[in-house]
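**Student:** Sequence:
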Amino acid sequence: MKVSLNIVDAIKLDKDNFTLHYKSIIIHGKPKEIIDEITKRKSMTLVCEKYISEDYPIEHSQRTYENTSEVLTVFEISIEEISGLGHEKEERCFDGINVYKKHVGKNNKKMYNKEYV
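Per the numbering used here, residue 4 is the first one in the sequence shown, and the count goes up by one each step.
These are computed hints drawn from the structure, not numbers from a lab. The model shown is predicted, which means the values in this text are computed figures rather than measured ones. All C-beta atoms in this analysis are idealised placements derived from N, C-alpha and C, irrespective of residue type, glycine included. Please note: incorrect hints may appear among the correct ones.
[Said to hold, decoys possible] Here are the computed distance ranges between Cβ atoms for each label pair: (1) N70 x T42: 17 to 23 Å; (2) E57 x H31: 30 to 36 Å; (3) F21 x V77: 35 to 41 Å.
Using the sequences provided together with the hints, build the complete structure.
**Tutor:** Okay, here's the thing in structure tokens:
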């Protein structure tokens with residue numbers, strides 16, 4: 004089985020040019036269920052820390068995890084291919100993902116592509 008994950012970030016409205024500026028990546032790979040409870044908890048904590056406001060106590064997400072861990076399924080993706088698109092002149096598509104082979108795409112947007120073996 005293979006999966007694809009699309010992430011869009013850094014969306015900025017450009018009213019003067021009637022467009023949106025954004026960064027986008029698509030990840031293709033094989034999913035693997037995380038069964039180890041320590042890894043599963045750490046994965047969910049990292050997701051919560053990234054997307055939950057600083058005003059929201061992380062302890063709440065930890066309590067929620069404890070109440071739902073029996074029915075929660077977490078997967079990791081073994082990346083086989085990743086590509087990105089953005090409007091910036093020099094891109095670094097998302098935290099922790101380095102820039103790859105550069106290609107000029109439609110509308111002079113920068114395309115990045117790397118295949119993983």
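**Student:** Take a look at whether the Cβ-Cβ distance between E57 and H31 falls inside 30 to 36 Å.
**Tutor:** 33 Å, holds
**Student:** In this structure, is the beta-carbon distance linking F21 and V77 contained in 35 to 41 Å?
**Tutor:** 40 Å, holds
**Student:** Please check whether N70 and T42 have a Cβ separation lying inside 17 to 23 Å.
**Tutor:** Distance hint for N70, T42 holds at roughly 19 Å.
This entry satisfies every hint, going by the numbered hints stated previously.
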